[in-house]
Amino acid sequence: MTTKIRKTQRQGAILFSQYKRGEGIKKALELGRENILFELKTSKLKGRGGAGFPTSTKWMLTAAAKAEEKFIVCNADEGEPGTFKDRVLLTEYPELVFDGMVIGGYTIGAKKGLVYLRGEYEFMLADLEIYLEQMREDKLLGDKILGTDFNFDIEIRLGAGAYVCGEETALIESLEGNRGEARNRPPYPVNTGYNKRPTSVNNVETLASVPHILLKGGKWYSSHGTDKSSGSKLFSVSGDCDKPGVYELPWGTKIKDLLKLAGAKNTKAVQVGGASGICLPESQFERTLGYEDIATGGSIMIFNKDRDMVKILKNFMEFFVEESCGQCTPCRIGNVKLLEGVEMIERDNYTFAYINELKELGKSMQIASKCGLGQSSPNSFISILDNFKDEVFNTKRNGGNNG
Amino acid sequence: MLVTEKNSLAQEIEELCKSYGSDRSALLPILQAIQKNHKYISDFAQQEIARMLDIHPVEVYSVVSFYTFLHSEPKGRNIVRLCRTIVCDISGKDLVENAITRELGIKFGETTKDKRITLEYTNCLGMCDQGPAMMINDNIYTQLTPEKAVKILNELK
Ligand SMILES: Cc1cc2nc3c(=O)[nH]c(=O)nc-3n(C[C@H](O)[C@H](O)[C@H](O)COP(=O)(O)O)c2cc1C
Ligand code: SF4
Ligand code: FES
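Protein chains in written order, with the numbering used here: chain Z, 1 to 403; chain B, 1 to 157.
Derived from the structure by calculation, the hints contain no laboratory data.
These numbers were taken from a predicted model, which means no experiment stands behind them.
Some clues are possibly wrong.
To be verified - Covered, in the sense of this in silico footprint (three residues per stretch, anywhere, with C-beta under 8 Å from a C-beta of chain Z), are these stretches of chain B:
#, stretch
1, 55-69
2, 123-133
To be verified - Below, in silico cross-link-like pairs of lysine-lysine (DSS-like), each with a Cα-Cα straight-line distance of 27 Å or less:
#, chain 1, residue 1, chain 2, residue 2
3, Z, LYS265, Z, LYS66
4, Z, LYS243, B, LYS107
5, Z, LYS20, Z, LYS196
6, Z, LYS196, Z, LYS260
7, B, LYS107, Z, LYS112
8, Z, LYS196, Z, LYS219
9, B, LYS39, B, LYS151
10, B, LYS36, B, LYS107
11, Z, LYS396, Z, LYS311
12, Z, LYS66, Z, LYS196
13, B, LYS151, Z, LYS314
14, B, LYS115, B, LYS36
15, Z, LYS363, Z, LYS268
16, B, LYS18, Z, LYS196
17, Z, LYS111, B, LYS18
18, Z, LYS66, Z, LYS144
19, B, LYS107, Z, LYS311
20, B, LYS107, B, LYS157
Glycine included, C-beta positions come from ideal geometry on N, C-alpha and C.
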């Protein structure tokens, strides 16, 4: 009855295409560091964890940093509400993720890779450990990988139920045995990361894209998607639709086409990017997913016309109040104030002047918070109040059917 | 705590330090192991870990208190965490929640008298395509109905 690893027949242009364990590593060792970085640069791959930083630049910076020891970290903390694509990659395509880590380690000059796996995903730990053991037997991990003088191994560490630990500097703090509190930047992890060593933190999906890029070339990869958003993206689709699940689609896909694929009917709102993302009304379903328009880590939550937007917003704000690490005031106090505001709206006990003040507070939080959590937590507050004002501020709101 | 219990816990912590090392970065894995074996990390365990890693006990406490999955108070033998994030919320989480609390006669945040089950909420488990979802100890259960959830709970030892 428990969720165990099961292979699903999936189809996609890149990540969900054919791949055999080790192929990418072999190719990488033939290519050498310079050529790997060149192919990555040509591919225009950007980080899939949300921030969209070019992966070739991150690896180049870490490779250039001088130190006795370096690390590559796979960010498998996947805590953004509505996101589960990394779960699918780790359970169904571990060959892509781990080969990508080995290639990354080789490129930046690391001997050790760490996977930060969210505590909620402990159910897959035993299978992943077995998988790593098989890689060692195949000489894809350990000393003298594939007969070369490259040594590299991977260790999996578990998180313990804190969303903020997905933020890369909080993640590093957590790996070091501290509270998962974000650090000031600079210094950046590429210079001062895990145990003060140069560290490249990469999302699961980013790493999984690398083996395909090396095998088929950066040019081939960038021929998918759009100019500024190359390649494909995994979208975690859930909520009111007939076919929830993970979809691999080219960047540049329109919201309305994604809704059609997922079998969504009667859709009122689409929340893109999770609780920290934005909420779009029907009039904006023509918009496209990609860095040109709506950049996202791939969480797509669909809400139909029966749902109450105020309750949805309240759920998001409760999430942030709980997950704020409390280190800085704008986020610690701000999220509580925003939640109280939503509760006032729920009880029809507010003035527009006060709600507008809260929106301004949200805008200050976006600027003044220390890390991405507090900087993005006001997004849903602002976008739901703006895009659904007729419903939100209608005193005859029916409370919907959110059960 | 009995002296024998203390001794065996101290020994367990020593063993853990041997396998995970005595660096600060071993703290979380050690705490997670104690949490798993005892369902909570007692004051004594925290002090002993601090001693072994050569850090102040307050440091250990501050880490334990930060992470949702680490507890400094005793919990039930099974920790049940129901996802309360939005997708599960609109897929019937309330019905499951009502059935569970009715069956066990406790509220969320509480532990049954026989210490069999502690009920807690959790945020998105990454199973939104198969909600409602809950986590029991290390396992995740999906596509819950009230009947299915109650049956799963009744099978817990
Ligand atoms: C609150 C918060 C949570 C985050 N959670 C994750 C996460 O679960 N997984 C992830 O890859 N990136 C997450 N990020 C982004 C990371 O900080 C970082 O940008 C990313 O891991 C870099 O990898 P990439 O360049 O491959 O995207 C989070 C950021 C913030 C602010
Ligand atoms: S923004 Fe929020 S989560 Fe980030 S450091 Fe400040 S309080 Fe912590
Ligand atoms: S919302 Fe419950 S698993 Fe994601």
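If any of the earlier hints don't hold here, list their numbers in rising order.
3, 4, 5, 6, 7, 8 and 13
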